[in-house]
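Line by line, the protein sequences are chains G and H.
Here the UniProt record's numbering is used: position 112 in the first sequence is 112, and no number is missing along the way.
Here the UniProt record's numbering is used: position 224 in the second sequence is 224, and no number is missing along the way.
Heads up, some of the hints might be wrong.
Footprint (simulated), chain H over chain G, 3 or more residues, beta carbon under 8 Å [said to hold, decoys possible]: (1) 53 to 60; (2) 158 to 168.
Straight-line distance between alpha carbons at most 30 Å, and here's what the computed BS3-like set of lysine-lysine pairs gives [as the list claims (entries may be wrong)]: (3) G:LYS95 - H:LYS105; (4) H:LYS286 - G:LYS79; (5) G:LYS79 - H:LYS186; (6) G:LYS95 - H:LYS104; (7) G:LYS117 - G:LYS67; (8) H:LYS186 - G:LYS20.
Listing some non-contacts, in silico: residues in chain G with all C-beta distances to chain H over 12 Å [stated by the list, open to error]: (9) SER8; (10) GLN84; (11) LYS117; (12) GLU188; (13) ARG196; (14) GLN221; (15) ILE246.
The set of hints was computed from the structure by calculation and includes no laboratory data.
All values reported here derive from a predicted model rather than from experimental measurement.
Cβ atoms here follow ideal geometry from the backbone N, Cα and C, with glycine treated the same way.
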Amino acid sequence: MTLESIISVRNLHVSYRDRKVLKGINLDIYKNRITAIMGPSGCGKSTLLRCMNRMIDLSEGARVGGKVLYRGENIYSPKIDPAQIRFRIGMVFQKPNPFPKSIFENVAFGPRINGYKGDLSALVEQSLQRAGLWDEVKDRLHENAYMLSGGQQQRLCIARALALEPEVLLLDEPCSALDPISTMHVEELIRQLKERLTIVIVTHNIQQAARVADYTAFLLQGELVEFGETSRMFTVPKDKRTEDFITGRFG
Amino acid sequence: MIRQDEMFSPGLQNRQRRNRIFKWIFLSANLLGLVVLAALLVKVMRDSWGWLDLQFISSFPSRFPEKAGILPALYGTVYLMIITAVFAIPLGIGAAVFLEEYAKKSKFLSIIQVNIYNLAGIPSIVYGILGLTVFVRWMMLGRSLLAGGLTMGLLILPVIIVTAQEAIRAVPQSWRHASYALGASKWQTIRYVVLPSALPGILTGIILALSRAIGETAPLIPIGALTFIRVIPGSLFDSFTVLPIQIYNWTSRPQDDFRAIAAAGIVVLLVVLLGMNSIAILLRNKYQGRIKEV
Ligand SMILES: Nc1ncnc2c1ncn2[C@@H]1O[C@H](COP(=O)(O)OP(=O)(O)OP(=O)(O)O)[C@@H](O)[C@H]1O
Ligand SMILES: [Mg+2]
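Okay, chain G solo, but in the shape it has when bound (with noise of 0.2 Å):
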C-alpha cells in the first residue's frame, strides 16, 4: 500500500500575542487514512487541527508561521482565499453547534452557500445517511435542530460537513461532549468515513487514539513528541514522554 500524503505541516509555528503555543511542528496527513492528534490539555492540537483549514484566522491575536501545504501547495499563501479551503476540509467542533434552524436547513446550509447544482434534497438525505442519522430524523427533518440530543446534533453537524463531501474532515474532540453510546455512535462513524475521506481527529483520549487512528501524533506543550502508526507507538513508543502518556503515568 502506497501513502500519499495530503496535508503536509512544515515547520509550523503559532503564537497568541506573544506566547508561542506551536513550535515546529513537521507532520504528513496520509490519505484516507485517521490520524488522531492526541496530547494533554492546552499542548495545542486545537491550534494545530485549526491551522490545516484556516480557521486559525478567526482567532483574535495568533500569528502563523511555516508552511501547511495541502496537495502540495501552501494554503497561507497570499492568493489562497481561506473559504476555498474549508470548503475542501471540513470541520466539526468540540460543542455540537449546530445552526438554529431545521435539521434539513442545517444540512443544506453549506450546499447552498456554495451554489451546489444537484438535487438538493437527495444530498442531504445521502448525508445523513452516511453520518447514521437518518432513520433517526427522516421523519421530522423540518423540526429545529436543538430538538436533537447531543450525540444526535454531533450527528447532524458531522452530516452538515460531509453535504460538502470534503476530501479531509477535522473532528476537534467531536465526542468530549458526549455519553459512551453516542461516542461509540460517533466512532463507528470515523471509521466508516475512512473510505471516502482522509479524518484527523484531535482528542485527549488515549483509547480513543487507540480505537480508530491508523496513525496518532503526539504533542506536548507545543512539540510533536512522537508521530507514528498507531498500532506501533501504543506498543513499542520510541520516546519515554510518549511511553509515560500512554501509561497514564501523566496529564
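For this one, chain G is given, so just place chain H with the ligands on it according to the hints.
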C-alpha cells in the same frame, strides 16, 4: 445526631419566608405599573367617550369642537413613521453590523461607541434644531414631512444601533465558526447566520425606538410641524402635523370640549402605536419560533 446538622444551620424556614417576601415585592412593582397605566387608560377613555367616532377620524381640525377631527394628524403620523422607519432601520442595522462584524477594535472605535451611547441621551429638542439646520435650511427640504422624518430618524438611530449591536453580539460565536468552516464568506455568514438569529432582538429595539418616535413632539417643533394643517400631506415635501402635536394643541385650548377631543386623539395615537407594535411583535415571534436556542 446527623453529622450535617452539627455543621450547618440551613434555616430553611427563614429562607422560604424571604423568598415569599421578594416575590411579593416584585409582583407589586409590576402591579403598580399596571395599575397606573390602567387608571390612565380608563380616564382617557372616559374623557373621550362620545367624541371618538367616524366623524372625528375623518375630519379636519376646526374651531368648533363638534366639527373638529384628527385626519391630517393621523396621516401625518403614519407617513412620518414610515419615513422614519425607512430611513433609520436600514441605516441603524447597517451601522451595527459594521461596528460588530467589520470594524477592528481600536481607540477610534471605542470613541465612536461612546458617542453613540451619548447620542441616545441627548434632549430631543437638540435633534429638532439639528434637523432645522441641516434638513430644512441646508438641504433646503423646507418644513416638510421628509425633513421631519429624517429628523426623527436621527433621533432614534442611536437606539436602533445600540440594540442591534447587543442582538448581534448575543449570537454565539460557535454559529459563526460553523458557517465559516463550511466555506461561507463573511457576508454570507452575516446574512444567513448572524442577522436571522439577531432579528428578534433587533426588532425589539425597533419597537422601542418607533414607540418613542411616535410620541415625540419636541424635535418636530423647530421643523415647523406646529402649524394648523387643513390638508392631508400629499408628497414628501408637504407640510404636516402629527398626533401628539395636535393633541397638545387641543389640550391648551380653554374650552372643555377640546379636552375631550384631546382624549379622543390620545386613544387614536394609542391604537396606531399598538398596530405598529403588533406588526413588529408578530414578525419577531415568527422568527423567534424558528430560532429557539438550546
Ligand atoms: N484564541 C486564543 N487566544 C490566546 N490564547 C489561546 C487561544 N486559543 C488557545 N490559546 C492558548 O493556546 C494554548 C493551546 O490551546 P489549544 O486550544 O490549542 O489547546 P488544546 O490542546 O486543544 O487543549 P484542550 O485539550 O484543552 O482543548 C493554550 O494554552 C491556550 O490557552
Ligand atoms: Mg482543544
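The hints, checked one at a time:
1. Closer than 8 Å: that is the beta-carbon criterion, and the region 53 to 60 of chain G has 3 residues meeting it against chain H, so the requirement of 3 holds.
2. Only when three residues or more bring their CB closer than 8 Å to a CB of chain H does the claim for the region 158 to 168 of chain G stand; here the count is 3, and the claim holds.
3. This hinted pair checks out: LYS95 (chain G) and LYS105 (chain H) have alpha carbons roughly 27 Å apart, not beyond 30 Å.
4. Between LYS286 (chain H) and LYS79 (chain G) the CA atoms are separated by roughly 43 Å; this puts the pair beyond 30 Å, and the hint is violated.
5. Between LYS79 (chain G) and LYS186 (chain H), the direct Cα distance comes to roughly 18 Å. Compliance with the 30 Å bound is thereby established for this hinted pair.
6. Between the alpha carbons of LYS95 (chain G) and LYS104 (chain H) the distance comes to roughly 27 Å, so the proposed pair stays at or under 30 Å and holds.
7. For the proposed pair LYS117 (chain G) and LYS67 (chain G), the alpha carbon gap of about 34 Å is over 30 Å, so the pair is violated.
8. With a CA separation close to 28 Å, the supplied pair LYS186 (chain H) and LYS20 (chain G) stays within the 30 Å bound.
9. For SER8 (chain G), the shortest C-beta to C-beta distance to chain H comes to about 21 Å, beyond the 12 Å cut-off, and the non-interface label holds.
10. With a closest Cβ-Cβ approach of about 7 Å to chain H, GLN84 (chain G) is found to fall inside the 12 Å limit, against its non-interface label.
11. With a closest Cβ-Cβ approach of about 15 Å to chain H, LYS117 (chain G) is found to remain outside the 12 Å limit, as its non-interface label requires.
12. Chain H leaves GLU188 (chain G) outside its interface by the beta-carbon criterion, the shortest separation being 23 Å against a cut-off of 12 Å.
13. The beta carbon of ARG196 (chain G) sits about 18 Å from the closest Cβ of chain H, which is more than 12 Å, so the claim that it is off the interface holds.
14. The Cβ of GLN221 (chain G) lies farther than 12 Å from every Cβ of chain H, with a closest approach of about 26 Å, so its non-interface assignment holds.
15. Remark: the non-interface label on ILE246 (chain G) is consistent with the geometry, its nearest Cβ contact in chain H lying 30 Å away (cut-off 12 Å).
In the structure shown, a violation is registered for the earlier hints numbered 4, 7, 10, in ascending order.
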